[in-house]
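> Chains as they are written, first to last, in our numbering: chain A, 164 to 518; chain B, 12 to 504.
For the record, the hints were derived by calculation from the structure and aren't laboratory data. Source: prediction; values computed, not measured. Some hints could be false.
Stated by the list, open to error - Distance windows between CB atoms, simulated: (1) B:A320 / A:E177: 38 to 44 Å; (2) A:P254 / B:A328: 48 to 54 Å; (3) A:L344 / B:E202: 31 to 37 Å; (4) A:R501 / B:R35: 34 to 40 Å; (5) A:S194 / B:R35: 34 to 40 Å; (6) A:E400 / B:A320: 33 to 39 Å; (7) A:G466 / B:D251: 53 to 59 Å; (8) B:E36 / A:F416: 56 to 62 Å; (9) A:P505 / B:D251: 55 to 61 Å; (10) B:A337 / A:A336: 29 to 35 Å; (11) B:R254 / A:S194: 48 to 54 Å; (12) A:I213 / B:D251: 34 to 40 Å.
What the hints assert, rightly or not - Only pairs whose alpha carbons sit at most 20 Å apart, straight line, appear in this in silico EDC-like list of lysine to aspartate or glutamate: (13) A:K479 / A:E200; (14) B:K82 / B:E197; (15) B:K235 / A:D279; (16) B:K180 / A:E200; (17) A:K352 / B:D359; (18) B:K82 / B:E144; (19) B:K255 / B:D359; (20) B:K82 / B:E49; (21) B:K82 / B:E471; (22) B:K255 / B:E424; (23) B:K180 / A:E248; (24) B:K385 / B:D359; (25) A:K241 / B:D258; (26) B:K180 / A:E490; (27) B:K82 / A:E490; (28) B:K385 / B:E323; (29) B:K370 / B:D258; (30) B:K370 / A:E217; (31) B:K180 / A:D279; (32) B:K235 / B:E377; (33) B:K278 / B:D251.
Glycine is no exception: its CB is placed at the ideal position from the N, C-alpha and C atoms.
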Amino acid sequence: MDTLIEHWTARINEAANAGGKLAIRGGGSKSFYGGPENGEALDVGGYRGIVAYEPTELVVTARAGTPLAELAAALAEKGQWLAFEPPYFGPAATVGGMLASGLSGPRRQAVGAVRDFVLGVKLLNGLGEVLSFGGQVMKNVAGYDVPRLIAGSLGTLGVVLEVSLKVLPLPVAEKSLRFALDEAAALQKLNQWGGRPLPISASAWHDGILTLRLSGAAAAVAAAQRALAGEVLDDAEAAAFWSSLREQTHAFFAGNPPLWRLSLPSVAPPQALGPTLIEWGGAQRWLRAGDATAIRAAATQAGGHATLFRADDALKTAVGVFQPLTEPLARIHRNLKRAFDPQAVFNPGRLYPGL
Amino acid sequence: MSMEDTIADRRFSIDRATLIRRLREVLPVQALLAEEEEMRPYDCDGLTAYRQLPLLVALPEDEAQAQAVLKVCHQLQVPVVPRGAATGLSGGATPHPDGVLVSLAKLKRIIRVDPLSRTAVVQPGVRNLAVSEAAAPYGLYYAPDPSSQIACTIGGNVAENAGGVHCLKYGLTVHNVMRVRGLTIEGEIVEFGNAALDAAGYDLLALLNGSEGLLAMITEVTVKLTPKPELAQVVIASFDDVRKAGDAVASIIAAGIIPAGLEMMDKKAIHAVEPYVNAGYDMDAEAILLCESDGTPEEVAEEIGRMTAVLERSGAAGIRVSQNEAERLKFWAGRKAAFPAVGRLTPDYLCMDGTIPRKRLAEMLEAIAALSGKYALRCANVFHAGDGNLHPLIMYDANQPGELDRATAFGSEILELSVRFGGTITGEHGVGIEKILLMAEQFTEAEIGAFHRLKAAFDEHGLLNPGKGVPTLARCREYTQARAGTASPAPRL
Chain A
164 MDTLIEHWTA RINEAANAGG KLAIRGGGSK SFYGGPENGE ALDVGGYRGI
214 VAYEPTELVV TARAGTPLAE LAAALAEKGQ WLAFEPPYFG PAATVGGMLA
264 SGLSGPRRQA VGAVRDFVLG VKLLNGLGEV LSFGGQVMKN VAGYDVPRLI
314 AGSLGTLGVV LEVSLKVLPL PVAEKSLRFA LDEAAALQKL NQWGGRPLPI
364 SASAWHDGIL TLRLSGAAAA VAAAQRALAG EVLDDAEAAA FWSSLREQTH
414 AFFAGNPPLW RLSLPSVAPP QALGPTLIEW GGAQRWLRAG DATAIRAAAT
464 QAGGHATLFR ADDALKTAVG VFQPLTEPLA RIHRNLKRAF DPQAVFNPGR
514 LYPGL
Chain B
12 MSMEDTIADR RFSIDRATLI RRLREVLPVQ ALLAEEEEMR PYDCDGLTAY
62 RQLPLLVALP EDEAQAQAVL KVCHQLQVPV VPRGAATGLS GGATPHPDGV
112 LVSLAKLKRI IRVDPLSRTA VVQPGVRNLA VSEAAAPYGL YYAPDPSSQI
162 ACTIGGNVAE NAGGVHCLKY GLTVHNVMRV RGLTIEGEIV EFGNAALDAA
212 GYDLLALLNG SEGLLAMITE VTVKLTPKPE LAQVVIASFD DVRKAGDAVA
262 SIIAAGIIPA GLEMMDKKAI HAVEPYVNAG YDMDAEAILL CESDGTPEEV
312 AEEIGRMTAV LERSGAAGIR VSQNEAERLK FWAGRKAAFP AVGRLTPDYL
362 CMDGTIPRKR LAEMLEAIAA LSGKYALRCA NVFHAGDGNL HPLIMYDANQ
412 PGELDRATAF GSEILELSVR FGGTITGEHG VGIEKILLMA EQFTEAEIGA
462 FHRLKAAFDE HGLLNPGKGV PTLARCREYT QARAGTASPA PRL
C-alpha cells in the first residue's frame, strides 16, 4: 500500500481509539463551505495525479489531491472537460474537494451535477479500510451507489482517495444572449424555454437582465440564436461573465452580507427576500440577506431548501449551514455516518452538528 | 450451493395465522392472497428459472394500506419483498418463503404532469411508457427506455436504476428522477429528494436508485421530463468483422460525438431478429451498429454526416440512414425485439448484463465465442455499445439435464471476465439473486461489510427483501474458497 495511505490509516486508527477528530483538507479552497472545520488537519493534497485517462472511454480517474486545474488541462488537450463546470473557488482546488463539496457550476441545469458524473470512488473509511465502489464504466448497478452518496457529503463519510468521472466532449459552438426582463418574466421565459428542445446550457438573471448561454453543434446554436433573438454578447465578455458566476467573483457576490443559496423548483415565484441572482433556469437562487428563519421557511414553502453558503462562523453556528432534516431522514443520516465512520473521526459538524 | 439457497440463508419463524389476522385488519379482503393457486402468479419475476411461493401476497391499493402492511410486518418481524411489474431479470422480486410479497401494481395513478416545470408525479405502479404517453401532448417525454418499457413500472425502474438504449446521452433512471417518496420498514413516510435539483444532506435519492427494494418501499416518484427532439435519425452500419465494429464504436466517441443511441448486434442476434421483424438488417454482416442522432434538423444533418464519415473510415461494409420516422422505427424494431426473437429459437435463455470498457468489446466477443464452444451452448449478443453494456443471450433447454447448470456456468465466466476487463457484473439488470454470489468477484469482504452496514442504516433487522443484492460474508468466503480450490474457473451459481 502507498505509504501516504498507510500513514493516514495509522492516524485514523489512532484518532478512533483516542476519541480524536480529523479535519480532511485538500487545497483548502472550499473550507469556507459547510460548518466550521474542527479537528486536527489531515492534509490529503499530496495524494495526487491522474491514474488513468482514456478519451474514447469518456472516463478519467484521478487521485483526490489532483489540482482541478491540472485535470482540466489534461482533458482540454483531448477536447474534453468536466461538463458540470465545477467551481474552483481558488487555484488550489482539488478533485477530492470538488467531490466532497458536491458543487456544480452554470451548466448544471443542462447536464447534471457532480453526482451525475461520478462513476467510482476509492475511499478510506473510519475503520481505516480502503474501499472501492462503482468503477470506470457508465452503467454499474452492482452494490449500492456509494460514489454518488459521497458527492456532497463534505468528508463526513471517509477520506476520498480516488475518483472516476465521466467526461464529455467540449461543445463545438457557444453563444450568449441578453434580454431585459423583470424577475417574474424571466422565470416564466426560462421555464417555457426549458420545455423546448433548445441547446440552453446556462442562464442567469440579475437586476433586470437575463443572460442565456447556448452550447452545442454549430447548427443548433445558430438556429436557437435566430429563434430566441436577444442581444448577442461578445464571446470574450460572455466567457468572463459565466466564469464570474461560477467562481463568485461577480459583483453580486462581493461584500459582507451573508450569502444564501436557495435550491428551489424552477417554477417557484420570485421570493422577494433581498437582492437576488438566479441561475439554473430558476432552480438556483442566490440571496444576500440575513433573516435565516424567514429564508428557510420560504425555501421549504416553495418546495426546496436553503443553504447558508458564505457567512462568518458565528452566524453559521447560530442558524446552521444546511436546512435542518426531519425525522426519519435525520436518523438515516446518523446511521449512515456510523456505518462509514463509527467513531465519528471525520469532519465533525461540517455537514450537521453531531454528524 | 445454489442461488435459491441464498434467499433462504435467513429463515424467519412466522406465525402465519396471526399474520393473516393482523393483515386482514388493515387490508380489504381482495387485497390479501393466501391460497396457493392465488399466489402462484407471483412466484417469480423475469428470472423465471427460479420460483418460490411467498407466505402471503398483499396488494395494497394506496400508500396508507402499504404503510399499514409494513407496520404489521415490522412489528411481527416478517420479511417484505416489494414487487412492481416483475419484469426484472435478476430475481429482485423473487418471493421469500417466510415473507409477504407486496405488489405495488395497484398504485398506478399518474398524479400530475406539469409541462412548465417539466416534471411528472406518478405512483410506482405506473408503466414507464405511460409516463411518456401522458407527457407527449406537451412535447415532452421520460427519457429512460428499458426494452421492457411497455410493461415495466417506474417503481421497479427506480429500484433497479433501469437503463435503456439512450443512456449515453440522456442518462439512467438515477439521472432522471428528482424525488422518491417511500416508506421505511417501520412504516414511516420518508421523502428522498424534492422538486428542486438537489436536497439538503446526503444524497439518499441516489442511494435509493438501484437499491433493489432493500432500503425502502417506493410509493411515489417525481420524474424529470425531457423536451422531445425535433428530429431523430438512425444510421445502420454493417461490418464483416466484429473487431472493426468494436473499433468503430471507439472512433465515434473519439470524434467527439455522443450519439443518442449506439447499439451493436452480432450475427446470431441479426439472424434471430431479421426473419422475425424484417427490420432490413444485413444478413451477411458479422455485426451491425445502430447509431442515432437527435436534435434540430440542422444539428442532426451535421451529426449524421460526421457519424457516416467515421463509420466509413472504420471499414463499414454498408451504411444506411433512415429516411423517415417509419423507417427509423423499423430499424429500431429489430433491436428492441432481440430478446423475444431469440426466445423463438430456444426453449430458454439467460440474459447476461456485464459492462466493460468499450475498447474490450471485440475481445469480449471473441471470448464469448470460445465459451460457446466450451459449454456447447449457442449465444447471441446484443450490446448497448455506447455504454459498454453487454447482453449475451445464452440459449439452453431447461428440460435437458445439466443444460441450466452449463448455461449458468457460461454466464458466470462472462461476468468474471467483465470484472477482469475492468467492468462490472451488472450494468442495469441488478444483482437480485441471480448474481449475488458473483458480488464476491467484484468486491472485497470489507466492501461487502460496508454494504451490509449501509443496509442496516435503513433497515436494522434486515426485513426488506432479504437474501438479495449483497451476499452474506459466509457466502463470500464460500465462493472465494470454491474459486481458489477448483480447477474449473466457474463454480455453479
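> Each of the hints needs a verdict: does it hold here or not?
Here is what the structure says about each hint:
B:A320 and A:E177 have their C-beta atoms about 60 Å apart, which leaves the hinted 38 to 44 Å range violated. In this structure the supplied range 48 to 54 Å holds for A:P254 paired with B:A328, their Cβ-Cβ distance being about 52 Å. Against the hinted window of 31 to 37 Å, the Cβ-Cβ separation of A:L344 and B:E202 comes to about 33 Å, which satisfies the hint. Our hint of 34 to 40 Å for A:R501 and B:R35 holds, since their Cβ atoms are close to 38 Å apart.
Hint check: A:S194 to B:R35, Cβ distance near 58 Å, so the stated range 34 to 40 Å is violated. Separation of A:E400 from B:A320 is about 35 Å and conforms to the stated range, judged on CB atoms against 33 to 39 Å. Between A:G466 and B:D251, the C-beta spacing of about 56 Å keeps the proposed range 53 to 59 Å intact. For B:E36 paired with A:F416, a C-beta distance near 59 Å keeps the hint of 56 to 62 Å intact.
Checked against the hint of 55 to 61 Å, the C-beta distance between A:P505 and B:D251 comes to roughly 58 Å, which is consistent with it. Separation of B:A337 from A:A336 is about 32 Å and conforms to the stated range, judged on CB atoms against 29 to 35 Å. Between B:R254 and A:S194 the C-beta distance comes to about 51 Å, which sits within the given range of 48 to 54 Å. Roughly 38 Å separates the CB atoms of A:I213 and B:D251, a value that falls within the hinted 34 to 40 Å.
With a C-alpha separation of about 12 Å, the suggested pairing of A:K479 with A:E200 holds against the 20 Å cut-off. Taken as a hint, the B:K82 and B:E197 pair is honoured in the structure, with Cα atoms around 6 Å apart against an allowance of 20 Å. For the given pair, B:K235 sits about 14 Å from A:D279 by alpha-carbon distance, which is consistent with the 20 Å threshold. Between B:K180 and A:E200, the direct Cα distance comes to roughly 39 Å. Violation of the 20 Å bound is thereby established for this hinted pair.
With a C-alpha separation of about 54 Å, the suggested pairing of A:K352 with B:D359 is violated against the 20 Å cut-off. Proposed proximity of B:K82 and B:E144 is contradicted: the alpha carbons are some 35 Å apart, above 20 Å. With a C-alpha separation of about 31 Å, the suggested pairing of B:K255 with B:D359 is violated against the 20 Å cut-off. Distance restraint check for B:K82 and B:E49: the Cα-Cα separation of roughly 24 Å exceeds the 20 Å cut-off, and the hinted pair is therefore not satisfied.
Restraint check: the Cα-Cα separation between B:K82 and B:E471 comes to about 14 Å, which is no more than 20 Å; the hinted pair holds. Taken as a hint, the B:K255 and B:E424 pair is broken in the structure, with Cα atoms around 24 Å apart against an allowance of 20 Å. Restraint check for B:K180 and A:E248: the C-alpha separation of about 17 Å stays at or below 20 Å, so the hint holds. As the CA atoms of B:K385 and B:D359 are separated by approximately 19 Å, the hinted pair is consistent with the 20 Å bound.
Among the hinted pairs, A:K241 with B:D258 is consistent with the structure: their alpha-carbon atoms are about 18 Å apart, no more than 20 Å. Of the pairs offered as hints, the one joining B:K180 and A:E490 is violated, with about 37 Å between alpha carbons and a cut-off of 20 Å exceeded. A C-alpha spacing of about 17 Å is found between B:K82 and A:E490, which places the hinted pair at or below 20 Å, so the restraint holds. A distance of roughly 35 Å separates the Cα atoms of B:K385 and B:E323; the hinted pair therefore is violated under the 20 Å criterion.
For the suggested pair B:K370 and B:D258, the alpha carbons sit about 7 Å apart, so the restraint of at most 20 Å is met. Under the criterion of a C-alpha separation no larger than 20 Å, the hint pairing B:K370 with A:E217 is consistent with the structure, at around 10 Å. Annotation: proposed proximity of B:K180 to A:D279 holds, straight-line Cα distance about 12 Å (limit 20 Å). Taken as a hint, the B:K235 and B:E377 pair is broken in the structure, with Cα atoms around 40 Å apart against an allowance of 20 Å.
Pair hint B:K278 plus B:D251 holds up; C-alpha atoms about 10 Å apart against a cutoff of 20 Å.
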